[in-house]
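Sequence order for the protein chains is A and B.
Note that the first sequence covers residues 122 to 461 in the working numbering.
Note that the second sequence covers residues 122 to 461 in the working numbering.
No distinction is drawn between identical chains; accordingly, a pair holds when it is met within one copy or between any pair of copies.
In silico PhoX-like pairs for lysine-lysine, Cα to Cα no more than 20 Å straight-line:
(1) K133 to K424
(2) K299 to K129
(3) K456 to K348
(4) K299 to K126
(5) K301 to K194
(6) K301 to K456
(7) K176 to K187
Treat the hints as calculated values from the structure; they're not laboratory data.
Predicted, not measured: the structure shown is a model, and the values here were computed from it.
Letter by letter, the chains look like this.
Number of protein chains: 2
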Amino acid sequence: MLNKKIGKQTIKFLEAPKIISTNAIVGPKEGEGPLREHFDVILEDDLFGVDTWEKAESRMIEESVKAAAKKIKLDIREIDYFFAGDLLNQLMSSTFAARHLQIPYIGLFGACSTLTESLSLAAIMIDGGYGDYAVAATSSHFSTAERQFRFPLELGNQRPLTSQWTVTGAGAAILSSKGKGPSISYATIGRVIDFGISDANNMGAAMAPAAVDTILTHFSDTGLSPKDYDLIITGDLGIIGMDIAKDLLLKEGIDVSNNFSDCGVEIFDHKKQDTHAGGSGCGCSAVVFCGYLYKQLKEDKIKNLLLVSTGALLSSTSIHQGESIPCIAHAVTIKSESNN
Amino acid sequence: MLNKKIGKQTIKFLEAPKIISTNAIVGPKEGEGPLREHFDVILEDDLFGVDTWEKAESRMIEESVKAAAKKIKLDIREIDYFFAGDLLNQLMSSTFAARHLQIPYIGLFGACSTLTESLSLAAIMIDGGYGDYAVAATSSHFSTAERQFRFPLELGNQRPLTSQWTVTGAGAAILSSKGKGPSISYATIGRVIDFGISDANNMGAAMAPAAVDTILTHFSDTGLSPKDYDLIITGDLGIIGMDIAKDLLLKEGIDVSNNFSDCGVEIFDHKKQDTHAGGSGCGCSAVVFCGYLYKQLKEDKIKNLLLVSTGALLSSTSIHQGESIPCIAHAVTIKSESNN
Chain A
122 MLNKKIGKQT
132 IKFLEAPKII
142 STNAIVGPKE
152 GEGPLREHFD
162 VILEDDLFGV
172 DTWEKAESRM
182 IEESVKAAAK
192 KIKLDIREID
202 YFFAGDLLNQ
212 LMSSTFAARH
222 LQIPYIGLFG
232 ACSTLTESLS
242 LAAIMIDGGY
252 GDYAVAATSS
262 HFSTAERQFR
272 FPLELGNQRP
282 LTSQWTVTGA
292 GAAILSSKGK
302 GPSISYATIG
312 RVIDFGISDA
322 NNMGAAMAPA
332 AVDTILTHFS
342 DTGLSPKDYD
352 LIITGDLGII
362 GMDIAKDLLL
372 KEGIDVSNNF
382 SDCGVEIFDH
392 KKQDTHAGGS
402 GCGCSAVVFC
412 GYLYKQLKED
422 KIKNLLLVST
432 GALLSSTSIH
442 QGESIPCIAH
452 AVTIKSESNN
Chain B
122 MLNKKIGKQT
132 IKFLEAPKII
142 STNAIVGPKE
152 GEGPLREHFD
162 VILEDDLFGV
172 DTWEKAESRM
182 IEESVKAAAK
192 KIKLDIREID
202 YFFAGDLLNQ
212 LMSSTFAARH
222 LQIPYIGLFG
232 ACSTLTESLS
242 LAAIMIDGGY
252 GDYAVAATSS
262 HFSTAERQFR
272 FPLELGNQRP
282 LTSQWTVTGA
292 GAAILSSKGK
302 GPSISYATIG
312 RVIDFGISDA
322 NNMGAAMAPA
332 AVDTILTHFS
342 DTGLSPKDYD
352 LIITGDLGII
362 GMDIAKDLLL
372 KEGIDVSNNF
382 SDCGVEIFDH
392 KKQDTHAGGS
402 GCGCSAVVFC
412 GYLYKQLKED
422 KIKNLLLVST
432 GALLSSTSIH
442 QGESIPCIAH
452 AVTIKSESNN
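Just chain A, same shape as in the assembly:
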């Protein structure tokens, strides 16, 4: 059998699994941001008609999967695998969505790297012939993340300027070898990188070295370089982390000054929306990809995309036990249809 792994950490997909449909649901604040026109649903109320924020987040995942399937008239019972994860303890959002969806379920935890973690595994299932349809989905919610990782919202704590704003949103992407759509050609699976940062309010700085490690490995494994991509976009480094990542790449001789951005930078108008260092959360790269970037690929405005979702794998327990923040990033190469 052909070995589909190249270099140290990269998979080359010979069958180029296609992303045949996506859906993005966001909260009210995200719906006021610069990408508003690209989202499928903008909630008027971040409780989404249920009685807790956690259940609302779960409902967002569930509805985004259903809507992505509905767009292409696919019965969700035809989907072979549901790869999903979120930030909540024991993946409450994904699990309760899986209970309703009844698709065979693989629960993942990669913090905000979950989108590319789930896309990579879904692509493997399709590329390897293990099924016809796989859906990758993830979510986050400002109010569930704040109260789980930081403080009760009722406290009204002041947020430091390095802090990021957890995106309220969910995204789902359906992969198949049948049908049309942008295709996944590579996945670079990340290692856990920890540069010793222990400030849970400065996660961009903590995650930047992990993003850089994965990007450098991706280029070294594939022989590609920044000029092979129209856009290299990280998950949610935010303004501070993105600048650190660019600097670290430049030190390694990789110049991305013209084609590098970050989903956490793109999603909000940070001055007007008071979101400090940018957006974050699993939902951040999920809605920016499933909403905005997927359309750019479909319309051939982007032909080659390197999507690098980044996760800070801290827990309240690990921080209280004096541990620094381990981080990870997984990268996925996505090509437009004309470029398949």
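We have chain A; now place chain B onto it with these hints.
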């Protein structure tokens, strides 16, 4: 390409990935149980030389991976993927182990179903030609689980008779297409099943219907029946859950009275060790498989094994919000070498 999925939820591995090495580390209490002679390491102190139970649990995963590799003189840098998860919020044990191991890391959450979730994905990576070596690992720790999910240990709360005892232990299994060992021939990926039980002290009863759903689907997808297996063993239903599962199977016309057991029943001497309804935790099926069952397969005492790890996907938040307990089970068929 050949479609490797059969029936509704089952993967048939054409390349039959081999489990070439395993390792099981357990705590002192597990080391006093009936399977004591089969574990590689029995800790004298469940802090394992570090200063918190969470770090001890993480160290158990890390050491079990290293020891499994060392047994076959494999450099851990040759391992392509580390599939791991645990019960702790944000997978503290697995993540911090991944930070030290530096193997490309896929974090999973399936509660106590994590062993068969990670074995299934590791088998896919090897079967599909995505790498040479993959390691599947998981852990649990009585003291970390109690204080996260129930009460501070210092309270000395009385435990109801339906409650199970979280196993302190970690197991790791290395898969490859090279080398010798028992092989994985099928994986049946579970759906989330919820029969409405909301008592976090009766998880065996909550999980039994998920185990039964996956076992029935496995037989229906593969055309196999109980007589094709020397042993069908669930993850950690415990005494109460195992009896419920047997009854539910019998109602469906499946008689497993002669070859059915449960890792949570096998690991402790429940009368002498005061463990009430049995063992539980991700580490339960991990150490029973990586310690005891793997040896039985190697020695050809078991030729055909159906391992069905079962997970109760509750969180403290979901229980406090009045939700019942969603459960899942993934099944893996493992054949002895003589039977490959």
